[in-house]
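Chains as they are written, first to last, in the numbering used here: chain S, 42 to 296; chain E, 1173 to 1360.
There could be a bad hint or two in this list.
As the list claims (entries may be wrong) - To give a feel for the contact side, a few chain E residues facing chain S, derived at Cβ under 10 angstroms:
#, residue
1, A1191
2, I1203
3, V1224
4, Y1228
5, T1336
6, Q1343
Treat the hints as calculated values from the structure; they're not laboratory data.
Computed from a prediction, not measured in an experiment: that's the story for all the values here.
Every residue, glycine too, gets a C-beta built ideally from N, C-alpha and C.
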Amino acid sequence: MFIRSRQRRAIERDLARLADGTLEPGRRERVERKVADSYELQGRLGDQRRAVAATRALAAERAPLALRLRRRALADRSRTRSAAFALGLSGVLAALVLMLGSLGGSQGVLTVAEAATIAVRSPTTVVAEPRDDAATLPRVSAAGLPFPYWEDRFGWVATGVRSDEVGGRRLTTVFYRSHGREIAYTIVPGSSLPAVPHARTTARGGVVVHSSMEGGRRVVTWERRGHTCVLSGSGVPLAALVKLAAWRGHGAIPY
Amino acid sequence: MTASEHALLRATAATSAPARRLDPNHLGDHIDRLYRAAWALCGSREDAEDLVQDTYARVLQKPRMLRSEEDLGYLLRVLRNTYFSRLRAAARRPRPDPLPDELDRVEDRSAAAPETALNTSELYALIAGLPDPFREALVAVDVVGLSYREAARALRVREATITTRLYRARQRLAHALRDEPALDSPPD
């Protein structure tokens, strides 16, 4: 009984490997002869081959775009965490140097919350009107990236701009107003800001957007050419902010 | 020597190999295969997406060191462990209805045509309905494309066991495709 069971398993293993082509050539000939002499084995081999063909047909199935974007966002966050750890380490070293009196100022890791605080400040300069059909604001840019002109398309009027130095970085913010509500669009040059814990990630038009609440304001962040963009507003729906963040101005807004 | 002793010996041999760090930059290369494996495990496209996302989140949580194991085999093992963790967790709590998310409605050019998706869904459902050991062998070898040896390492069983389970999984699948009851042995 035991021997028959072992033999049965051995022939099952041979048939499995014969069906998918992984049976070694010497053994293959012997098994093929055995199969040729048995209708039962031919039937079993046929079943094996049918199943292999069916599952191999699944190889055309690709992961959906939304899943790919979510994986990329996870990888970005992981990299940001590593960078933040490295920055944190260098921060500790800098603090030690400070204690020795070698430095006069401190530079922590800039966070989304800090970048978003600029939104409650006032603009210092007005924004010029763009020429007709423009998708970007004239003479306002940060890290080589222009700010979008949203008035014609979305009704958000650019009301002013300001520049701040936060955490050692020069942040440029443009303020927009529509129906009594104000939003602020800040471009943070340089490496990505650390991810906000529990931020929600969505994708629109290929742009991955993280959203969170900071100080009662809804904040969305995304990247353009490796620089972090922060758009925030109070009483503005998330969908509206995401729509603005993902607008490419028919290619005029570089991403 | 018992099967578990064999597996232990194999694991010991594996751990004597030099360790290398799993490169997070290349993990995205395996997303299609993991997605198919997840779908075959769960039997549902939506659950598969969540499972793959959870798997990546778990793997990316901290640096991973691998010994004598391919990335894909390791990822499949994490996927399988995550799947069973989720099953156990789901059994302990009521499942809420998923909330509609308008913002995720992005055109997906990688999506299959609806009629193809239907057939694909049926096939995945058949695979998901196989007994656990059979389904895992089929997913590892036929769906993900691991060699028998890699599959054995990923699932921590002997290569001969993988081959036998694979044979039986295919038999059951072939019968199910013909809408016939399987005649072979129960899972060992």
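ask   = Any of the earlier hints contradicted here, and which numbers?
value = 1
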